[in-house]
Amino acid sequence: MVDQVGNSEELPRRKFIKQCVVAGVTLYTAPLVLSLNEAVAQASNSSQVLGYKAPKFRLDGIAKVTGQKVYGRDFRAQDMAGWPKEQAYGFVIRATKVDHTFSHVDLTDIPENAQPFKVILAEDLVKQKLELPPFFGNDMLVAKNAAPQYYGHAVAILLFENFDQFKEAKLKLQFNDNVVRYGKSTKPFTSNPYAAWRIVREEGKQGASGKDKYSPLQDGLFFPSYQRRMPVWKGDPNQAGSVSERGLYYGNEVQQKMQKNADDWLIIDEQYTSQSVDPMMMEPEAFNGFWEEATKTLHVVATSQSPHDYQEQVAEILAHSKMGHSIKNIVVHSAYVGGAFGAKDHSIFPYYGTIAALFSEGRPLYLANDRFEQFQAGLKRHPFIMDNKLAFDKKTGQLQGLHSKMNLDGGGRSNFSSAIAMVGASAIQGIYYLPRNDIQATAHQSNNVDCGSMRGFGTLQTMSSMEMMLNEAAQKLDMDPIELREKNIMKTGFRNTQGAIPNGELRYGEILEKAKQHTMWTQRAARKQEFEKNNPHMLFGTGFGIATKDYGTGAAAPSSAVRISPEGKIELDIVFMEMGTGTQTSQAVSVGKFLGSTAHQVNLAKMDSWAALKQFQTDNPYITSQARQDEMAQNPQWTPVVAMASSASMSSYFQTHTSHGAARVLYRYGLWPAAQHIWSGSTEKVANKRISFKDIELAKWKDEMLTMPGKPSLPLAQLAAKAHELGLVTGVMTHAFNRWSWADAQFSILGNKETLELDGLALQYGNGADKRRKNLMKSHGYHLINRQKMNYPATAMNNAMVTYYAPCATLVDVAVNKGNGKVAVVKTHSWLDCGTPLVSKLVEGQIEGGVAMGIGHALFEELPLGEEGPGTGQWNLNRYDLAKGKDVGVWQHTHTLLEPLNENTPSKGIGEVVMIPVVPAIAEAVYQATNVRFRSLPITAKKVKEALQS
Amino acid sequence: MSQTINMNINGQQIGPVEVSDHTMMIEFLHEKLNLTGTKFGCGAGVCHACVVLVDNEDGTTSVERSCISGAGYFDGKKVRTVEGHAKTNEQGEVSELSPVQQAFLEHYSFQCGWCTSGFVNTATALVEKLAKNPINKDQVEKTVEDALQDNICRCTGYVKYYQAVKELILKTPGLTV
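Residue numbers (the working numbering), protein chains in the order written: chain A, 1 to 950; chain B, 1 to 177.
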């Protein structure tokens with residue numbers, strides 16, 4: 001067994017930063033891109049934003065535009081200090097059949113001089129008791145005489161001493177049907193669905209905002225049993241029965257009311273399908289690992305959105321293996337991620353790399369997917385089949401109810417399929433208020449490549465279907481599509497399909513009003529006429545779509561740490577990884593609100609320093625009971641979740657919360673009292689007096705100076721120096737927890753009691769602090785503040801599923817070629833409520849990129865399932881079309897960011913919503929052009945051509 | 001089979017060095033020279049993340065896909081990769097970006113940045129071509145579209161790349177007439 005915490009075999013290298021100990025293995029981080037923060041100085045030469053300087057360009061910009069090594073895939077053994085220079089290479093052999101058992105791998109086609117030095121098979125893993133983390137399931141490698149469970153299921157990992165041998169062998173192995181040898185034929189593997197959800201709600205007598213007759217938030221959730229791989233919702237519908245009986249009763253009511261009111265209601269009763277899609281992030285997954293025997297340390301460079309989850313999981317699986325006794329430390333070297341879109345969030349890939357490195361006999365081992373392999377084994381977006389019934393009152397256009405049965409294909413491993421089914425189901429309502437709903441979503445196992453948390457998290461599929469129904473209903477009701485939407489929007493204070501009331505001001509009406517007045521909309525008929533007159537071989541159409549995407553997980557747990565030097569240099573640590581969305585840049589900007597300057601250094605994917613908070617978690621935050629939470633919350637170090645993964649739409653709101661929280665405390669208990677001290681002309685050497693916040697609202701930052709009416713303006717550097725001299729707060733570490741509202745607690749800071757939306761706080765005091773204060777900084781250099789009156793959001797909020805939303809709408813013009821059916825996007829305009837943008841250029845980039853990805857989803861991207869699909873290793877960009885520059889209307893791509901409601905409006909997570917509305921908008925525009933409704937995505941030229949010909 | 005090759009990369013003479021006939025140029029750059037700024041995207045010549053520039057003897061510049069071109073193809077050639085565009089000081093730090101790099105930086109053209117080296121090379125070839133053969137201002141958008149049409153970007157929607165190149169062409173004397 002491995003030693004416990006505090007053993008004497010800790011890694012001697014001081015450059016690694018100790019993070020924590022998991023299962024007896026000490027975890028360290030070592031940022032590969034730390035030096036890039038020098039770029040901040042160059043980037044800060046720019047315009048004024050909100051009184052402080054915003055970067056002129058991305059903080060990672062110079063490194064990226066000059067081709068420096070900053071991505072995980074870039075690093076080879078020779079780049080890594082302390083590693084042997086010779087690099088070994090790995091190759092994963094994958095099964096391409098699921099209807100035969102696996103027999104063995106035949107390597108006779110590889111020349112003698114290029115044979116692998118090690119072939120890792122399932123039996124090797126069994127011998128060492130090496131298993132996947134439970135999240136991924138079993139059978140990392142297919143055992144001999146067992147059936148592969150899905151196309152692309154790995155059967156062996158081959159290790160080669162050098163690149164030339166690897167390349168020589170790969171040329172013989174890849175696309176070679178004789179390498180994987182199969183045994184007897186067998187039925188493809190099947191199992192019960194990964195999950196099934198049912199969201200039933202019936203509004204009560206008080207209407208949209210009042211008490212519901214039934215809803216998940218109010219009554220709880222109920223779950224099915226399974227028969228023949230389908231959910232069976234057993235029980236007797238009973239209005240006065242148990243949660244499930246009442247749920248069945250009100251679920252049945254939805255359909256019965258539709259039947260009863262068939263004459264008065266318009267029912268859109270159609271099937272909508274959404275295809276399998278590859279995230280196609282530009283950097284394929286890669287891994288480099290070195291098992292250092294002498295120090296019993298595993299060093300890793302990985303391309304991951306969730307490096308700390310990977311690190312902890314690896315520690316667990318190694319600790320429980322026979323190798324556990326020889327593993328003491330794991331060092332994860334973090335780097336930038338070259339695109340992800342969910343593909344690198346809880347991907348199984350790094351675990352194959354880990355195993356390869358452990359068997360590599362002391363050689364650094366590089367495992368990197370080429371694009372065929374990435375298509376073959378990388379996470380996909382779930383294909384959905386949705387049978388929807390949406391009811392409108394024919395006279396008023398008012399929505400009456402929704403019944404939906406959605407089935408999604410999760411592929412061969414469950415990954416996030418359960419959560420995606422739940423989120424997709426809870427999102428289908430879009431921006432509309434529904435008085436009743438019965439939404440059923442089942443995530444199925446299949447033999448296809450596994451699906452994960454790709455951009456949209458299920459909502460792209462479901463919300464697009466809702467918008468397509470709205471557009472069709474408007475036509476059938478003979479109403480303007482935007483006016484029909486206006487009649488049905490969810491207003492602030494209304495309940496969603498789960499019975500929860502969304503947070504914040506819902507600005508759907510404002511967006512619809514702006515869209516209705518846009519010339520693309522008001523002049524669409526005239527423009528169609530003119531375009532088709534000038535282009536007789538083309539058809540023209542304009543379509544509209546609007547979506548509101550939830551952001552958040554219901555268990556968000558960000559951390560930040562802000563420190564200021566005596567020279568006024570601000571350093572910020574965050575947990576998030578830079579995936580390209582600009583997190584590093586926007587977080588640097590975020591602290592300026594309180595500190596008057598962009599952070600001068602931002603350290604990404606930090607895991608180490610949080611140890612100062614000494615926090616631990618014990619339970620699954622989604623299913624823990626209120627009593628358990630209440631009990632555990634008594635311990636001031638307990639938190640529902642210690643750390644979170646970087647994923648789309650999460651940094652701007654959640655990470656900013658703790659960055660703001662830390663910067664605010666630093667301002668109020670460091671810079672502000674320093675300013676008061678200077679303004680008062682005090683000559684005292686210490687600042688033990690109670691801090692007065694009487695005039696704090698009058699102080700404003702301008703040009704990195706703190707200004708106050710009637711007082712001299714004070715430069716940030718002067719304030720920082722004074723704060724240090726007086727021993728005030730100069731460093732703040734924060735941790736928060738959000739379950740659709742923030743946990744709060746009372747903290748005592750320099751004698752002041754303050755309730756903050758945090759559940760962890762630690763402080764550093766300036767260089768001039770007296771001995772007493774310095775002695776308090778015993779927790780990894782911080783003074784850990786014990787919280788009081790801890791107040792976590794109620795566990796019942798788990799039933800709310802989601803309550804944070806950001807809306808986006810898009811108008812699109814398309815031109816359809818009558819001859820070949822090709823649809824071209826001519827022009828788009830989008831409206832987005834992003835709250836307060838941290839860096840507008842980054843938000844614009846998200847819109848533009850989202851629209852392009854949405855266009856790809858609507859028109860081009862599609863992977864077949866089964867043996868024609870990517871799991872057989874035959875797919876690449878020569879067959880997989882996505883949107884290129886000529887496909888996105890690049891010169892006519894405009895947008896409007898809604899003005900924040902006030903200066904305290906938080907930033908919203910918008911990385912996902914921006915790609916959604918363009919999808920149904922294109923479907924509608926194609927209908928307006930061709931008079932044909934397409935309900936199955938993508939709307940390929942072939943489909944359109946066939947429809948036009950028929 | 002293998003062959004011995006020489007080439008000039010970013011002004012540095014490389015070789016003679018023996019490489020396998022199967023070694024692609026991108027593999028030669030990554031695994032033999034440790035130049036990883038050129039990015040592997042598809043390995044099938046589609047996405048153009050991997051393109052490098054070859055300065056031909058006749059004064060023209062070719063944009064070549066390094067993922068489907070063998071290293072041997074570049075024998076005797078003068079090659080520029082993304083690492084060779086910016087000026088550096090004695091410490092090896094970037095002191096001045098190329099105009100294309102500067103334009104991409106200031107326009108926030110890229111996000112994850114994996115496709116950026118390909119865009120830098122393709123746009124650089126275009127700008128240099130226009131310096132020799134200027135175009136009318138009303139042809140700029142079409143020219144940019146044609147030049148960049150094969151470069152795939154998954155993050156940005158292309159808008160800020162195209163705008164950056166357009167603006168650079170319009171503001172640089174001698175590229176338009």
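Read the hints as simulated data drawn from the structure, not as lab findings.
Because the structure is a prediction, the values reported are computed rather than measured.
We put the CB at the ideal spot given by N, CA and C, even for glycine.
Treat each hint with caution, since some may be false.
Stated by the list, open to error - Below, in silico cross-link-like pairs of lysine to aspartate or glutamate (DMTMM-like), each with a Cα-Cα straight-line distance of 20 angstroms or less:
1. Lys69/A - Asp21/B
2. Lys56/A - Asp21/B
3. Lys166/B - Asp887/A
4. Lys32/B - Asp79/A
5. Lys142/B - Glu167/B
6. Lys32/B - Glu161/A
7. Lys841/A - Asp150/B
8. Lys170/A - Glu96/B
9. Lys32/B - Glu168/A
10. Lys69/A - Glu83/B
11. Lys69/A - Glu167/B
12. Lys822/A - Asp150/B
13. Lys56/A - Asp150/B
14. Lys142/B - Asp887/A
15. Lys170/A - Glu292/A
16. Lys476/A - Glu161/A
17. Lys516/A - Glu899/A
18. Lys172/A - Glu112/A
19. Lys771/A - Glu684/A
20. Lys886/A - Asp150/B
21. Lys32/B - Asp263/A
22. Lys841/A - Glu96/B
As the list claims (entries may be wrong) - Computed spacing ranges between beta-carbons, pair by pair:
23. Val17/B - Gln874/A: 31 to 39 angstroms
24. Ile68/B - Thr273/A: 33 to 41 angstroms
25. Phe175/A - Lys32/B: 51 to 59 angstroms
Said to hold, decoys possible - Covered stretches of chain A, as calculated for chain B (at least 3 residues, CB under 8 angstroms):
26. 216 to 228
27. 632 to 638
Verification of the supplied hints:
| no. | hint | verdict |
| --- | --- | --- |
| 1 | Lys69/A - Asp21/B | violated (27 angstroms) |
| 2 | Lys56/A - Asp21/B | violated (46 angstroms) |
| 3 | Lys166/B - Asp887/A | holds (18 angstroms) |
| 4 | Lys32/B - Asp79/A | holds (13 angstroms) |
| 5 | Lys142/B - Glu167/B | holds (13 angstroms) |
| 6 | Lys32/B - Glu161/A | holds (15 angstroms) |
| 7 | Lys841/A - Asp150/B | violated (25 angstroms) |
| 8 | Lys170/A - Glu96/B | violated (41 angstroms) |
| 9 | Lys32/B - Glu168/A | holds (15 angstroms) |
| 10 | Lys69/A - Glu83/B | holds (10 angstroms) |
| 11 | Lys69/A - Glu167/B | violated (29 angstroms) |
| 12 | Lys822/A - Asp150/B | holds (18 angstroms) |
| 13 | Lys56/A - Asp150/B | violated (29 angstroms) |
| 14 | Lys142/B - Asp887/A | holds (14 angstroms) |
| 15 | Lys170/A - Glu292/A | violated (27 angstroms) |
| 16 | Lys476/A - Glu161/A | violated (67 angstroms) |
| 17 | Lys516/A - Glu899/A | holds (18 angstroms) |
| 18 | Lys172/A - Glu112/A | holds (12 angstroms) |
| 19 | Lys771/A - Glu684/A | holds (17 angstroms) |
| 20 | Lys886/A - Asp150/B | holds (9 angstroms) |
| 21 | Lys32/B - Asp263/A | violated (75 angstroms) |
| 22 | Lys841/A - Glu96/B | violated (23 angstroms) |
| 23 | Val17/B - Gln874/A: 31 to 39 angstroms | holds (34 angstroms) |
| 24 | Ile68/B - Thr273/A: 33 to 41 angstroms | holds (35 angstroms) |
| 25 | Phe175/A - Lys32/B: 51 to 59 angstroms | violated (25 angstroms) |
| 26 | 216 to 228 | violated (count 0) |
| 27 | 632 to 638 | violated (count 0) |
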